[in-house]
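Kindly generate the complete structure, drawing on both the sequences and the hints.
Chains as they are written, first to last, in my numbering: chain A, 58 to 171; chain B, 177 to 289.
Since the hints were made in silico from the structure, they are not lab data. Treat the hints with care, since some could be wrong.
[Claimed, not checked] So, partial list: chain B residues that the calculated Cβ filter (under 8 Å) puts toward chain A:
hint : residue
1    : GLY216
2    : LEU217
3    : LEU219
4    : LEU221
5    : PHE224
6    : ASP227
7    : PRO237
8    : GLY239
9    : TYR240
10   : LEU266
11   : GLU277
12   : PRO282
[Unchecked claim] Simulated DEER-style distance windows between Cβ atoms:
hint : chain 1 : residue 1 : chain 2 : residue 2 : range
13   : A       : ASP96     : B       : PRO237    : 23 to 33 Å
14   : B       : PRO282    : A       : ASN116    : 39 to 49 Å
15   : A       : ASP96     : B       : GLU245    : 23 to 33 Å
16   : A       : LEU171    : B       : GLY239    : 22 to 32 Å
17   : B       : SER243    : A       : ASN75     : 45 to 55 Å
18   : B       : THR259    : A       : THR97     : 15 to 25 Å
[To be verified] Below 20 Å or equal to it, Euclidean Cα-Cα: the simulated SDA-like pairs (lysine to any residue) are:
hint : chain 1 : residue 1 : chain 2 : residue 2
19   : A       : LYS168    : A       : ILE70
20   : A       : LYS128    : A       : THR113
21   : B       : LYS179    : A       : ILE70
22   : A       : LYS158    : B       : SER184
23   : B       : LYS233    : B       : ASP202
24   : A       : LYS158    : B       : MET264
25   : B       : LYS231    : B       : ASP214
26   : A       : LYS168    : B       : GLY216
27   : A       : LYS158    : B       : ASP214
28   : B       : LYS179    : A       : ARG99
29   : A       : LYS114    : A       : SER131
On a predicted model such as this, the values are computed, not experimentally measured, just so you know. We put the CB at the ideal spot given by N, CA and C, even for glycine.
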Amino acid sequence: KNQVEQSPQSLIILEGKNCTLQCNYTVSPFSNLRWYKQDTGRGPVSLTIMTFSENTKSNGRYTATLDADTKQSSLHITASQLSDSASYICVVCPLTGGGNKLTFGTGTQLKVEL
Amino acid sequence: DVKVTQSSRYLVKRTGEKVFLECVQDMDHENMFWYRQDPGLGLRLIYFSYDVKMKEKGDIPEGYSVSREKKERFSLILESASTNQTSMYLCASRLDQGSDEQYFGPGTRLTVT
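Quick look at the structure:
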């Protein structure tokens, strides 16, 4: 069964610090991997997308990396801000399924404190 | 900007009631989805629709049905609500071509008592 596992489950960091979230997946073959940010009480919003041939993608202070050989991805947040407090979800799109059946991780809950 | 709206942010229903959750998108997207999100389980696909009046079961369709009479609107129906259907329900939409990015609504927190 296709799976996406994320670690840690939750994380607390001080404002201004960096952090890295991990995602391991078994989905194969896959079309792309996205990281979504979900603020409390809102729907997820896409942060980055990487195809199987890409190994890094940045969006401001967010940098995602992908190692398709080891089936691992990470999301690095630089100089964290209070507004980064959210759940971060790793999502893998299988090559089959027409882009409609995604596999979602359970998310990492990040809290940024003063 | 793509906008996906859901009819209610919070809903409380009694066991056995019929429940309708409505979702509307304003970007002429072909595909629409209903997920439920539970702690520790991530998002799970209930149903999706790839065209008006067309639907396909997701991973957990039992106890749910859907309706898509117009392209912009996708409804999730709980025929007889049960307490194990207490959850956060998220609607999403996407274009059929060019991108698989799904755009999500704000969610409906449903409590069945």
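Structure-based check of all given hints:
1. Interface restraint check for GLY216/B: the shortest CB-CB distance to chain A comes to about 6 Å, inside 8 Å, so the restraint holds.
2. Against a cut-off of 8 Å between C-beta atoms, the interface hint on LEU217/B holds, since the closest Cβ of chain A lies about 7 Å away.
3. The beta carbon of LEU219/B comes within 4 Å of a beta carbon in chain A, closer than 8 Å, and the hint placing it at the interface holds.
4. With its C-beta approaching chain A no nearer than about 7 Å, LEU221/B sits inside the 8 Å limit, and its interface hint holds.
5. Restraint check, PHE224/B versus chain A: the minimum CB separation of about 6 Å is within 8 Å; hint holds.
6. Hint status for ASP227/B: violated, given a least beta-carbon distance of 12 Å to chain A, over 8 Å.
7. This hint is violated: PRO237/B has a C-beta 13 Å from the nearest C-beta of chain A, more than the 8 Å allowed.
8. Look at GLY239/B: its Cβ only gets to about 20 Å from chain A, farther than 8 Å, so that hint breaks.
9. Proximity of TYR240/B to chain A is violated relative to the hint, the smallest CB-CB distance being about 16 Å (cut-off 8 Å).
10. With a least beta-carbon distance of about 6 Å to chain A, the hint placing LEU266/B at the interface is held under the 8 Å criterion.
11. For the restraint placing GLU277/B at the interface with chain A, the shortest Cβ-Cβ distance is roughly 5 Å, inside the 8 Å limit, so the hint holds.
12. The criterion of a C-beta within 8 Å of any C-beta in chain A is met by PRO282/B, whose closest approach is roughly 5 Å, and the hint holds.
13. Separation of ASP96/A from PRO237/B is about 28 Å and conforms to the stated range, judged on CB atoms against 23 to 33 Å.
14. For PRO282/B and ASN116/A, the hinted distance range of 39 to 49 Å is not satisfied, since their beta carbons lie about 22 Å from each other.
15. ASP96/A and GLU245/B have their C-beta atoms about 32 Å apart, which keeps the hinted 23 to 33 Å range intact.
16. Distance hint for LEU171/A and GLY239/B: a CB-CB separation of about 44 Å, inconsistent with the stated range 22 to 32 Å.
17. At roughly 47 Å, the beta carbons of SER243/B and ASN75/A sit within the given window of 45 to 55 Å.
18. A hinted range of 15 to 25 Å holds for the C-beta pair THR259/B and THR97/A, which are about 24 Å apart.
19. Between the alpha carbons of LYS168/A and ILE70/A the distance comes to roughly 6 Å, so the proposed pair stays at or under 20 Å and holds.
20. With a C-alpha separation of about 14 Å, the suggested pairing of LYS128/A with THR113/A holds against the 20 Å cut-off.
21. About 32 Å separates the Cα atoms of LYS179/B and ILE70/A, which puts this hinted pair outside 20 Å; it is violated.
22. Between LYS158/A and SER184/B, the direct Cα distance comes to roughly 25 Å. Violation of the 20 Å bound is thereby established for this hinted pair.
23. Restraint check for LYS233/B and ASP202/B: the C-alpha separation of about 24 Å exceeds 20 Å, so the hint is violated.
24. A C-alpha spacing of about 19 Å is found between LYS158/A and MET264/B, which places the hinted pair at or below 20 Å, so the restraint holds.
25. Note on LYS231/B and ASP214/B: the hinted pairing is violated, with a Cα-Cα distance of about 23 Å set against a maximum of 20 Å.
26. Of the supplied pair hints, the one linking LYS168/A and GLY216/B holds, its CA atoms being roughly 17 Å apart against a limit of 20 Å.
27. At most 20 Å may separate the alpha-carbon atoms for a hinted pair to count; LYS158/A and ASP214/B meet this at roughly 18 Å.
28. With a C-alpha separation of about 13 Å, the suggested pair LYS179/B and ARG99/A falls inside the 20 Å cut-off, and the hint holds.
29. Our distance criterion of 20 Å between C-alpha atoms is met by LYS114/A and SER131/A, whose separation comes to about 11 Å.
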